[in-house]
Amino acid sequence: MKMECKCHGVSGSCEVHMCWKVIPPFGKVGNPRKSSQGKVRGATEVHPKQVSSRKLLVPKSSRFKPYVAHDCPDFCDRDPWHGVFGTSGRQCNRTSLAMDGCELLCCSRGFHTAQAEVVEWCSCNFRWCCSTKCKQYWHLMEVHSCR
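Everything in the sequence shown is counted per full-length UniProt numbering, starting at 1 for the first residue and increasing by one.
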């Protein structure tokens, strides 16, 4: 992966310097693996084969070895080398089936449930000049976090 950076600021000044990793175009990754006959080296042709009531994809050659560009980091566990913080201690949603749900976010490791006292601000009014007055609403809330 390549680093790409841009400067942001008034009249071209570089007050904020932002950088990110960029994935190379697919052709740049795939073309070196392609032979002069137009076939990809290391790829295996597969054919459907009927096995009982199911169809399976069976490699034509027994020399099947998939091409792996690099190992993907595991985002479940902490990995400072790849800049991954892991999900241990992250707050999750017990009832959600989406990415914020405890089952997915906690990588099937389970989660802790605790009661937390939460303050919310409500009925806020702007006072001239220059303050805001709000009422505080305290309540207990169930909080779930990954093991």
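Wrong hints could be hidden among the right ones.
With a straight-line cut-off of 30 Å between C-alpha atoms, the simulated DSSO-like cross-links for lysine-lysine are [said to hold, decoys possible]:
{"no.": "1", "residue 1": "K6", "residue 2": "K28"}
{"no.": "2", "residue 1": "K2", "residue 2": "K21"}
{"no.": "3", "residue 1": "K28", "residue 2": "K2"}
{"no.": "4", "residue 1": "K21", "residue 2": "K6"}
What follows is a set of in silico ranges between Cβ atoms, one per label pair, in the way DEER data are often shown [what the hints assert, rightly or not]:
{"no.": "5", "residue 1": "E117", "residue 2": "M18", "range": "33 to 39 Å"}
{"no.": "6", "residue 1": "K6", "residue 2": "F26", "range": "20 to 26 Å"}
{"no.": "7", "residue 1": "K28", "residue 2": "C134", "range": "52 to 58 Å"}
{"no.": "8", "residue 1": "K21", "residue 2": "R127", "range": "25 to 31 Å"}
{"no.": "9", "residue 1": "E142", "residue 2": "P24", "range": "27 to 33 Å"}
Derived from the structure by calculation, the hints contain no laboratory data. In this text the structure is predicted, and so the values were computed from the model without any measurement. In this text, a Cβ means the ideal position worked out from N, Cα and C, and glycines have one as well.
To see whether the hints hold, each was checked on the structure:
no.: 1; hint: K6 - K28; result: holds, 23 Å
no.: 2; hint: K2 - K21; result: holds, 6 Å
no.: 3; hint: K28 - K2; result: holds, 12 Å
no.: 4; hint: K21 - K6; result: holds, 12 Å
no.: 5; hint: E117 - M18: 33 to 39 Å; result: holds, 38 Å
no.: 6; hint: K6 - F26: 20 to 26 Å; result: holds, 23 Å
no.: 7; hint: K28 - C134: 52 to 58 Å; result: holds, 54 Å
no.: 8; hint: K21 - R127: 25 to 31 Å; result: violated, 47 Å
no.: 9; hint: E142 - P24: 27 to 33 Å; result: violated, 45 Å
The structure fails hints 8 and 9 (numbered hints given earlier, in ascending order).
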